[in-house]
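Protein sequences, first through last, are from chains D and V.
So in full-length UniProt numbering, spot 122 of the first sequence is number 122, and the numbers just go up one at a time.
So in full-length UniProt numbering, spot 346 of the second sequence is number 346, and the numbers just go up one at a time.
Just so you know, the hints here were simulated from the structure itself, not pulled from any lab data.
Where is the CB? At the ideal position from N, CA and C, for every residue including glycine.
Watch out, some of these pointers could steer you wrong.
Stretch-level coverage of chain D by chain V, calculated; a stretch enters the list once three of its residues show a Cβ under 8 angstroms from a Cβ in chain V [what the hints assert, rightly or not]:
| # | stretch |
| --- | --- |
| 1 | 46-57 |
| 2 | 74-86 |
| 3 | 172-182 |
Facing chain V, from chain D, some residues (calculated, C-beta under 10 angstroms) [unchecked claim]:
| # | residue |
| --- | --- |
| 4 | Y92 |
| 5 | P93 |
| 6 | P97 |
| 7 | T110 |
| 8 | A111 |
| 9 | I112 |
| 10 | N145 |
| 11 | S149 |
From chain D, some residues computed to sit far from chain V (all C-beta separations above 12 angstroms) [what the hints assert, rightly or not]:
| # | residue |
| --- | --- |
| 12 | R7 |
| 13 | R194 |
| 14 | D217 |
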Amino acid sequence: MATLEIRDLHVTVEADNATKEILKGVDLTVKQGETHAIMGPNGSGKSTLAYSLAGHPKYTITGGTVTLDGEDVLEMEVDERARAGLFLAMQYPVEVPGVSVSNFLRTSATAIRGEAPKLRTWVKEVKEAMERLNMDPSFAERNVNEGFSGGEKKRHEILQLELLKPKIAILDETDSGLDVDALRIVSEGVNRVRETGEVGTLLITHYTRILRYIKPDHVHVFAGGRIVESGGPELADKLENEGYEAYTKGGASE
Amino acid sequence: MAEAQNIPVGSTTAGSIAVAAESTVATRMSAPPSFDVQDFPVPHGREEEWRFTPLERLRGLHDGTAVATGEGVKVEVEAPEGVTVETVGRDDARVGRAGAPVDRIAAQAYSAFEKAGVVTVPKETVLTEPIRIAVHGEGGTRFGHQVIELGAFAEAVVVIDHTGDAVLAANVDYILGDGAKLTVVSVQDWDDKAVHVAQHNALLGRDASFKSVVVTFGGDVVRLHPRVSYAGTGGEAELFGLYFTDAGQHQEHRLLVDHNAPHCKSNVVYKGALQGDDAHAVWIGDVLIEAKAEGTDTYEMNRNLVLTDGARVDSVPNLEIETGEIVGAGHASATGRFDDEQLFYLMARGIPADEARRLVVRGFFAELVQQIGVDDIEARLLEKIDAELEATV
Numbered sequence: 001m002a003t004l005e006i007r008d009l010h011v012t013v014e015a016d017n018a019t020k021e022i023l024k025g026v027d028l029t030v031k032q033g034e035t036h037a038i039m040g041p042n043g044s045g046k047s048t049l050a051y052s053l054a055g056h057p058k059y060t061i062t063g064g065t066v067t068l069d070g071e072d073v074l075e076m077e078v079d080e081r082a083r084a085g086l087f088l089a090m091q092y093p094v095e096v097p098g099v100s101v102s103n104f105l106r107t108s109a110t111a112i113r114g115e116a117p118k119l120r121t122w123v124k125e126v127k128e129a130m131e132r133l134n135m136d137p138s139f140a141e142r143n144v145n146e147g148f149s150g151g152e153k154k155r156h157e158i159l160q161l162e163l164l165k166p167k168i169a170i171l172d173e174t175d176s177g178l179d180v181d182a183l184r185i186v187s188e189g190v191n192r193v194r195e196t197g198e199v200g201t202l203l204i205t206h207y208t209r210i211l212r213y214i215k216p217d218h219v220h221v222f223a224g225g226r227i228v229e230s231g232g233p234e235l236a237d238k239l240e241n242e243g244y245e246a247y248t249k250g251g252a253s254e
Numbered sequence: 001m002a003e004a005q006n007i008p009v010g011s012t013t014a015g016s017i018a019v020a021a022e023s024t025v026a027t028r029m030s031a032p033p034s035f036d037v038q039d040f041p042v043p044h045g046r047e048e049e050w051r052f053t054p055l056e057r058l059r060g061l062h063d064g065t066a067v068a069t070g071e072g073v074k075v076e077v078e079a080p081e082g083v084t085v086e087t088v089g090r091d092d093a094r095v096g097r098a099g100a101p102v103d104r105i106a107a108q109a110y111s112a113f114e115k116a117g118v119v120t121v122p123k124e125t126v127l128t129e130p131i132r133i134a135v136h137g138e139g140g141t142r143f144g145h146q147v148i149e150l151g152a153f154a155e156a157v158v159v160i161d162h163t164g165d166a167v168l169a170a171n172v173d174y175i176l177g178d179g180a181k182l183t184v185v186s187v188q189d190w191d192d193k194a195v196h197v198a199q200h201n202a203l204l205g206r207d208a209s210f211k212s213v214v215v216t217f218g219g220d221v222v223r224l225h226p227r228v229s230y231a232g233t234g235g236e237a238e239l240f241g242l243y244f245t246d247a248g249q250h251q252e253h254r255l256l257v258d259h260n261a262p263h264c265k266s267n268v269v270y271k272g273a274l275q276g277d278d279a280h281a282v283w284i285g286d287v288l289i290e291a292k293a294e295g296t297d298t299y300e301m302n303r304n305l306v307l308t309d310g311a312r313v314d315s316v317p318n319l320e321i322e323t324g325e326i327v328g329a330g331h332a333s334a335t336g337r338f339d340d341e342q343l344f345y346l347m348a349r350g351i352p353a354d355e356a357r358r359l360v361v362r363g364f365f366a367e368l369v370q371q372i373g374v375d376d377i378e379a380r381l382l383e384k385i386d387a388e389l390e391a392t393v
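The whole structure should be built from the sequences, with the hints applied where relevant.
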């Protein structure tokens, strides 16, 4: 069973000619089949955690370890992490002009699977996945994220999640900017992948709204660059009622 | 990537638009057109038309020291039945008819060539197979002149391939009769040391269509000067170009469309990708709409994609308008970087960095190639692009 283990992770970022520590000792274990929600106020470092795990060059790891099934993730290049089974659904997916969605998906699937998917089954696979996400077929011929609405970008991210079948999926604020219909469609996509039991999900969110659609096994409160409280789904209810105030004031805040 | 679209007449973007009073296109050249090399002083590098070009790498083409080797550059013409292929002297009326040399090297080529090649497609002849011209260098120096003439309502595709190592200065004339349709693909697939300087002159008869596809991958210095003018009304010119400029290469494309007749169209799209230290691409897009050219419709665009640090692009669109009675005139120039965020996104989907770059460049060029509209040429160009990307990215 695939396991992502994060131990005492410290991460800094360069900003305004100064080095700022964003993550201050994160500990978390995500196993295949589990869903963990990481919830926290803006600026708490949630997205930094997501991007650090994926290997974004902006972030510098200054301490701690991350392993996937015992393999040192921090030693891997960005593409190696993806091929090892990590997937990051991004909050702000970038435009890649000149590269069509269909070409991008096939290139990516070829890289992740280690061989080019057979064309006939692949076309069918993509078509069906797009239908489930209410995506128009013309989508495949558009350039990656170019001119996509916020909802289209997120559906495109979840389309990739469904096609690439990672061991560990990190969803960075996938719910932000979505209306209720889009949120439901995107959540259904995530749930289809979860129901296979083959993915461990790390759901990063500011709002509890998405947790009505995607039920987490574990909820963690993230504040001041680390996890400050962990619990079951009931912790989300508490946050829904009380907000983050208890965590941002006093000792746990930055 | 900032890009200006459909610029109204008289407004200004990254390039410059001169309206009537100042003739920037005409004054850009330091001497008037001439067939005689003696009419052009040896350039020193500060002239407007030479300021981007590394003169010291031109192997003497610009100062009279380059000497033709007689052999070492082979030119082979393969033409389908019905096409006339001949070599003629300088006195042949077709030679130089499409336009006079506008700079010292073009005039040098005209003054120094021995025999001009002339390929003629008779009137109303519609070719189903392309005419192929292979220019292959084996270390020689050559001054060349090639004329391609299409009679009225003739249709042809011409593919000119440049390969190997050569120092080549040439003029290529395209003479299109009334209603003729000509597509020319000129591929500069030179070895690393080659130097190639050429002026292309297209003269379009009434209602003629001219499509030029210039593909520059190789060479140490390639400097091409495609020019279009109209011999009647209703002519249409499409000038497409793509270049892939690697470390140390200088690739310069200087275009002029002279709207000297009413109701003609022109559309210019050049796209370039650059990578590596001292990769230098230059694009000059001059469009002149003369006072008599009412009803003109023109647009020109240059886009560049910089893949690495150390590469440089100079892109200068230039539109000069002497009449307001036109359908449209616009230009755009944009240079973007393949940035870390795009690379990260593709790599985060398992795609290795070099493959990610290839994917982006292939897509960048494919958008242009798909506009060419000749299936087998599109396929061949995409193959060439792939081969170039496999070799260099």
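Here's how the hints hold up against the structure:
{"no.": "1", "hint": "46-57", "result": "holds (count 4)"}
{"no.": "2", "hint": "74-86", "result": "holds (count 6)"}
{"no.": "3", "hint": "172-182", "result": "violated (count 0)"}
{"no.": "4", "hint": "Y92", "result": "holds (9 angstroms)"}
{"no.": "5", "hint": "P93", "result": "holds (7 angstroms)"}
{"no.": "6", "hint": "P97", "result": "holds (7 angstroms)"}
{"no.": "7", "hint": "T110", "result": "holds (8 angstroms)"}
{"no.": "8", "hint": "A111", "result": "holds (4 angstroms)"}
{"no.": "9", "hint": "I112", "result": "holds (4 angstroms)"}
{"no.": "10", "hint": "N145", "result": "holds (8 angstroms)"}
{"no.": "11", "hint": "S149", "result": "violated (18 angstroms)"}
{"no.": "12", "hint": "R7", "result": "holds (23 angstroms)"}
{"no.": "13", "hint": "R194", "result": "holds (20 angstroms)"}
{"no.": "14", "hint": "D217", "result": "holds (25 angstroms)"}
In the structure shown, a violation is registered for the earlier hints numbered 3 and 11, in ascending order.
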